[in-house]
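Protein sequences appear in the order of chains Y and C. Just so you know, the first sequence maps onto residues 1 to 226 in our numbering. Just so you know, the second sequence maps onto residues 1001 to 1117 in our numbering.
In case anyone wonders, no lab produced these hints; they're calculated from the structure. Note that beta-carbon positions come from the ideal geometry of N, C-alpha and C, so glycine has one too. Hints should not be assumed to be uniformly reliable.
[What the hints assert, rightly or not] Straight-line distance between alpha carbons at most 25 Å, and here's what the computed PhoX-like set of lysine-lysine pairs gives:
| hint | chain 1 | residue 1 | chain 2 | residue 2 |
| --- | --- | --- | --- | --- |
| 1 | Y | 2 | Y | 160 |
| 2 | Y | 49 | C | 1112 |
| 3 | Y | 98 | Y | 160 |
| 4 | Y | 2 | Y | 28 |
| 5 | C | 1113 | Y | 49 |
| 6 | Y | 52 | C | 1113 |
| 7 | Y | 21 | C | 1098 |
| 8 | C | 1112 | Y | 52 |
| 9 | Y | 98 | Y | 2 |
| 10 | Y | 160 | C | 1034 |
[Claimed, not checked] A short, non-exhaustive set of chain Y residues, derived as facing chain C with CB atoms under 10 Å:
| hint | residue |
| --- | --- |
| 11 | 70 |
| 12 | 77 |
| 13 | 168 |
| 14 | 218 |
Below, each chain spelled out in residue letters.
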Amino acid sequence: MKDVRTVLIIPVYNEGQVIRKVVTNALKHFTHIVCVNDGSSDNSVDEIKHTKAYLVDHPINMGQGAALQTGIEFARGLPVDYFVTFDADGQHRIADVKQMIKELDRGDIDIVLGSRFLGKAEGITGSKKAVLKLAIAFTNLTTGLHLTDTHNGLRTFNRKVAEEVQMTMSDMSHASEILEIIAQKKYRYKEIPVTIEYTDYSRSKGQSIMNAVNIGFDTLLRKMSK
Amino acid sequence: MRIIIQLVVIIVALGVVIAAIAGKQTHSAKAWKKIALCILSLVMIVAVLFPNSTNVVAHMVGVGRGADLLLYILTLAFIGYVINSYLREQRDREILHKLARRLALYEANIKKKDHKK
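This is chain C alone, in the form it adopts within the complex (with noise of 0.2 Å):
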């Protein structure tokens, strides 16, 4: 049993690795991650009510222990995350750029006209 959570978990940590930094910035991509965010919220309400529940499903998949299992929801879910929010970052930053650099060269050309030969 062990052996299957091993590699759904391998599998999902490799595929949010990659949906991040490949997937495209669609609007079903995005409703994606509001979906997963929901369905983690889900998961932590019926977890703190029934708290014998995580180990339930826990035994099911292999793993010792429900909070185990959370823990690596919430890693997965956390790396999810860091990546998204870099990738956001350097598309911002480039962005940002952008603008700086028209605004540079704008001001240089104008300069430019009276340049001392």
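Here chain Y stands alone, though its shape is the one from the complex (with noise of 0.2 Å):
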């Protein structure tokens, strides 16, 4: 059975080769999806045209972190319950998110946090775990959480987040930013072991590590600035 009371929120940018085939495959499990293209300069914008998704379309390229907040927005509108932010290289499995929204039914959660070192990290190179730990550390240590993996695209959560949330950094610091949020407005939140699949296409995708000294430093530049 379709789940109709939850609602997917994908930030793409240049995904043409992929967005299309990971859209169709979730649509038939969740009836409300949302794409929000940042700018692509590929065809992404008529391969989501072919589906059945909500589109969402930057004029300009904003950063990831920047299609998450019009995602969420424009997704407090529809008739939903439960938010998702899912990554368009397919790297996301939809059997990870069912489980998610069960532990958000049981209402003592407000949101469900991904976590790869729980789970099976399938095919991840040495330097890449490396960073991840690193900037696990980092984060643990200015937000003031617990958790396992702080850099991971797969979360869930309830509506009252959803309401609430607003992001500033357009960029890949949103990752912090996010649970900066949770430690402030003190969420109850729960990780779970996901599995994500590194495919040659989403390593070729994913960010070079010298972006982790960009997220350091604009995450202290913010704190102090605050």
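Dock chain one against chain two, each of which comes alone in its own frame, and use the hints as you go.
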């Protein structure tokens, strides 16, 4: 049976090769899917238009965090209870989303976060793992949360969180920012193991290691200027 | 004597960084930036008219050469400028993003009405 009370929010930036397949597959399980095209220069928009997903089209490229915020704001207007942030490159599993929704259904949790390190990260490289571990230590330190994976794109949360969340970091720093918001608003959170399927495609789209420096710098600056 | 200028430079350097990051964009903050710019310009004029004057001041505060003292001042001014413009760039980008988001949502909500079920 199709899930009608959950919306998948998918930020899309130059994912023309895969987005149609990812969305079509997800639509088999979920009625509501919002694709936020973040100023792609490829055929992503046309591919999304071939599906039955909602399309929100940024006029310029603004970064993944900005695309998520736009998607969440659009999704607030849909008749749904749960909100999922989902990557466009096909590295997340629908089965994990369903598991996360089950957790939310129990009603004592506001946001469920996916963790690669509680689960299996297939095909992850050693250097990427090292950088992630460093990022996790850094983020736990700055937010005061205790997480095993702080930069996972798969998150599921209830309407309360969706109505309140206001991200200002437009680029990849939004991952830390969401955690800061969780800490600040004292949301009840839980991590569950999820499997990330690293493919050649998703690896090629992954972040460069040096971007960790940018994220760290922006996070510190943001904390200081608050 | 040397310790004095070292202390002064370090304290001012930290002050510039903190003021640039944490300082609010008040009228007086903007005024101070202009005053600092005027002082810097005046110092430059004096320095070029009386080349030895920078040496004299430098020796007073324990720096070897006037050129070194100027370099310190310039470096501080530059750091302050870089941080200031980086933060302003971020603020401007935030405004632009809000505008673009509003446009994107406006369009999407119009289309939503005839969204294929």
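Kindly indicate which numbered hints from before are broken by the structure, ordering the numbers from low to high.
-> The structure breaks hints 7 and 10; every other hint is satisfied.
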